[in-house]
Amino acid sequence: MKLTYIYHSCFALEFDAFTVIVDYYKDTVMPFEKGLIHSQLLNRPGKIYVLSSHSHPDHFNPEILLWKQQRDDIQYIFSHDILDAGLATKEDAIYLNKLDTYEDNHLKIKAYGSTDIGISFLIQAEGKQIFHAGDLNNWHWNEECSAEESQEYETNYLNELELIAKDVTHLDLAIFPVDPRLGKDYMKGAEQFINRIQTDIFAPMHFDEAYNKAAAFASCAETKKCKSIKWANKGDNITL
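To get the numbering used here, take the position in the sequence shown, counting from 1, and add 2.
Keep in mind the hints are simulated off the structure, nothing from the lab.
Treat the hints with caution; some may be incorrect.
[Unchecked claim] Within a straight-line C-alpha distance of at most 30 Å, the following computed BS3-like cross-link-like pairs (lysine-lysine) qualify:
1. K70 with K236
2. K110 with K229
3. K100 with K190
4. K168 with K28
Let the hints inform the model, and build the full structure from the sequences given.
Okay, here's the thing in structure tokens:
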């Protein structure tokens, strides 16, 4: 399986017989048609699954619905809030709420919660367990809000994390926010995640262009025998 960083929270997972694209926002290169998704992945043989964790525009770009004009073997799997927001129709996708599942002969997907809107995804395929957090994170904002509000945000996150941990004790790959906008404790949610769930490889996301800030999580991850990827450019990839 190959993991490719597209941009922000968008990643591509290339398996032998199919491809998974999660939370498309922008392609790797402007204009879009020259980027990795448009020039390569949409032309890759095998079924394509397009997942969107929620309706925020940095996780869901309606452009993805046009891809079905190019491919008739795309399966869209969206958070139900995308339908509720009127950004897609009932016929466009399979919609998941928290704890709903989708399964076919290639993969199984289970939806977990978020600390914003929408859902997070547990993807099981070819013997691998992969988690894409969407906007699940400890959005504590402890430098901008009261201690009580910050604690409430953290409690909500830890409750969601505990629910996942009841089902999942080990992940081959976790794709999770490391967002410097949170201030000096911006890695806190990611650290709590790998402390609770054994994770082999950690892929930072939701860091915009702050590559150095995202890469800094690697030293923390090493203490838990977890490898955190140091992305340097859009389109970087690793093979698991």
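Verification of the supplied hints:
{"no.": "1", "hint": "K70 with K236", "verdict": "holds, 24 Å"}
{"no.": "2", "hint": "K110 with K229", "verdict": "holds, 25 Å"}
{"no.": "3", "hint": "K100 with K190", "verdict": "holds, 24 Å"}
{"no.": "4", "hint": "K168 with K28", "verdict": "violated, 34 Å"}
Hint compliance for this structure: hint 4 alone is broken.
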